[in-house]
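Chemist: If you want the building blocks of each chain, they are given just below.
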Amino acid sequence: MADRKRINGPPSGTKPPVFASSTKASGRPQRQRQPNDLRKLFLKTGLIPSASGSAYLEFEPSASLSAARSSPQSLIPPSSALKLACTVHGPKPLPRSATFSPNLVLTTHVKYAPFAARTRKGHIRDSSERDLGVHLETALRGVIVAERWPKSGLDITITILEAEDDRWWGDTPDSHDAPWGMMNVLAGCITAASAAIADARIDCIDLVTGGVAALVSDQTAEGEASSPKLMLDTDPAEHKAILSACVVAYMPSRDEITELWLKGDSSSVSLEKGDSRSGHDALIDGAVDAARGAHTVLAEAVRESAARHSGLPVDAATT
Amino acid sequence: MAPAAAASPAAQPTPPSLSLPPSQFARLQPHAYLLAHLSPPTTSNHPSIRANGRAPTQFRVTSANTGSLTHTNGSAVVRVGETAAVCGVRAELLHTADIASWSVTQPSTGSANKRRKLVDPTLKASETAGDGDDEESSDKDESHIEDLNLLVPNLSLSTGCAPGFIPGAPPSALAQSLSQQILSLLHSTRLVRADDLRIWYQPPNLGPEDLERHNESEQMDVDAEAEGEKNREIKAFWVLYIDVMIISLAGNPFDAAWASVLAALRDTKLPKAWWDIDNETVVCSDAVSDARKLSLRGMPVASSFCVFEADAAAGWRAVILPDAEEERKIAEDNRRGAQRRWILADPDGYEEGLSQERACIVVDKEQGGNGKTVVVKMEKNGGWAIDGRELRQLVDVSSQRWDHIRQILEQC
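Chains A and B, in that order, give the protein sequences.
Under the working numbering, the first residue of the first sequence is numbered 45, with each subsequent residue one higher.
Under the working numbering, the first residue of the second sequence is numbered 82, with each subsequent residue one higher.
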């Protein structure tokens, strides 16, 4: 049945455009960064004054994307860069109908904008968006000191304006395929939500950040698959085959992980010589390293937010 | 009345006895707070100014940025003060074969076409030379866009933009009404030309003599346009999904949303598309050089106003007819120089909560700003304060706003 509270398009539905060019002239975008090099982050707090805390996060566009922006050739974007806005409302009293809770009740809500991904998203949350919400909730629940706010609720809402791709658009889905882009989105959500919670001045035991690492086997120029390599902060559009990926929510000063999500098969992977770690360990270590990298940006954003709250002059913190 | 009495002690700008900081006072006594700002005592030399520091007809600082979202055909971010709207336009295809009523309605429009063709030869030159704005084509325009729902605007407030909106819930009444207002404004201004959204197919004319003439060069459709337009048919339409996400709501969402829709549509590029007879589908070219921008009709700009009444109980009066006694009092006050009501442009969330009467005026200017101002839409509700004289002033204010918005949109 049609959604009567929204404006619906033609009843017979519409199809996304099909492009005729089979050339894929530009080819797969290449990773220009070193394996342990992270993308730059833009993180800013306090953009939404009616919320108790808010943050906006944006990833630096990859080299191919910024090249495509400055001199557009094709209408098909080579890759995309994450953009999301996070708001925190609360702590506020729970509705009367709610049962007693001695702790802060955390509600997380992640929604893609209809234009966020390569295929149009619906207005109602789908299973992957609910999944992201649950992952985010576990990541944050371990950080907030929930006993300080009995009988209160905290709503965290994330709107994703632009999501990462799951694979390069020219690839057909294959056996290695999984929603890899979701993992980058989750890492971004964790970092942004952490900044927004700090902006709302809610007590936390540490600043939690998200990080992603992946084992990729890229084809070399000769066409043979090299041995899998560990890459931090992977852009799925840049890799032919991601064997497995891992996202963590990590608290650096306590050296604790509140959320760990690992996908793909990493047990049978042997890394380069001289690295005796198992695939799992290497992945988790890599993701933690990535999270440490994001932490410096987060700390800067939180410092800026604190300066704003205390009425000190704010100098723009962009890293 | 108690509120009126409460208003008079507050009229001193900062009484020494008041130990509350201004922000607390604004929350406890919002009406008195705003009134004290707007009507400072005559003894002090404070100008009459709104609580947010603006003059009554001053709009908030507006900025716009387009084309920053990757997966859209056109996108814009518009910030009006602290209200921020992100709009993304995405084009998808609607094949005429999928339209249930297409084959039924088509013969009738076809006959209209034929009838037009009989008169056409004389009109043809002027029609193609002109901007295609003649009556007949515009009639057909509207019917296609409206009948087939080719423009699909949706506005979402459940982005955590303000505390009242529960994310995940169905759209609130405000979101629904804003979506509908945008849709009706898109239809009534005829901003998007239906011709931009049509994908035509010209069957090759395979008559024996034509075959000889054309088979070596592909210039068929250039020539064919002149001779055989009768078997040209529409194969598909572009459907524009216009999604507005209000990221931050601090009053006056409609102006920001409409400005973002306008900026995004100005930014929208549609790929070149054609009917592929072999695959029986529409294919597009991904080359940017082939894509073309929408040619919009004019640039309607919305400006919203609210009316703040000095009498806090104004909202409680049963407004059936303007109270003659009340009006006389206000007129008398005006003569004495004491203003009793203020029309505030571009209200923020605080002012919106304190006023009953709203007005929204959408204006456009002919010939890209040099012609006369055209009122595209005028909407007013909730009270009697704005009458013909004030509306005339508001149209002037709106037309100044139009100049300002045009500058902003042309820079981005």
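You may find that some hints are simply not true.
Claimed, not checked - In the BS3-like style, the derived pairs of lysine-lysine whose C-alpha atoms are separated by at most 27 Å in a straight line are: (1) B:K446 <-> B:K458; (2) B:K353 <-> A:K59; (3) A:K165 <-> A:K59; (4) B:K353 <-> A:K165; (5) A:K59 <-> B:K316; (6) A:K165 <-> A:K49; (7) A:K165 <-> B:K374.
To be clear, the hints were calculated from the coordinates, so they are not data collected in a lab.
As the structure is a computational prediction, the values presented were derived from the model and not from experiment.
Chemist: Each hint needs a verdict: does it hold in this structure or not?
Modeler: Verification of the hints:
For the given pair, B:K446 sits about 13 Å from B:K458 by alpha-carbon distance, which is consistent with the 27 Å threshold. A threshold of 27 Å between alpha carbons decides the hint, and for B:K353 with A:K59 the separation of about 16 Å falls inside it, so the pair holds. Straight-line distance between C-alpha atoms of A:K165 and A:K59 comes to about 13 Å, which keeps the hinted pair within the 27 Å bound. At roughly 24 Å between alpha-carbon atoms, B:K353 and A:K165 fall within 27 Å of each other, so this suggested pair holds.
Using a Cα cut-off of 27 Å, the hinted pair A:K59 and B:K316 holds, with the two alpha carbons roughly 14 Å apart. Taken as a hint, the A:K165 and A:K49 pair is honoured in the structure, with Cα atoms around 17 Å apart against an allowance of 27 Å. With a CA separation close to 24 Å, the supplied pair A:K165 and B:K374 stays within the 27 Å bound.
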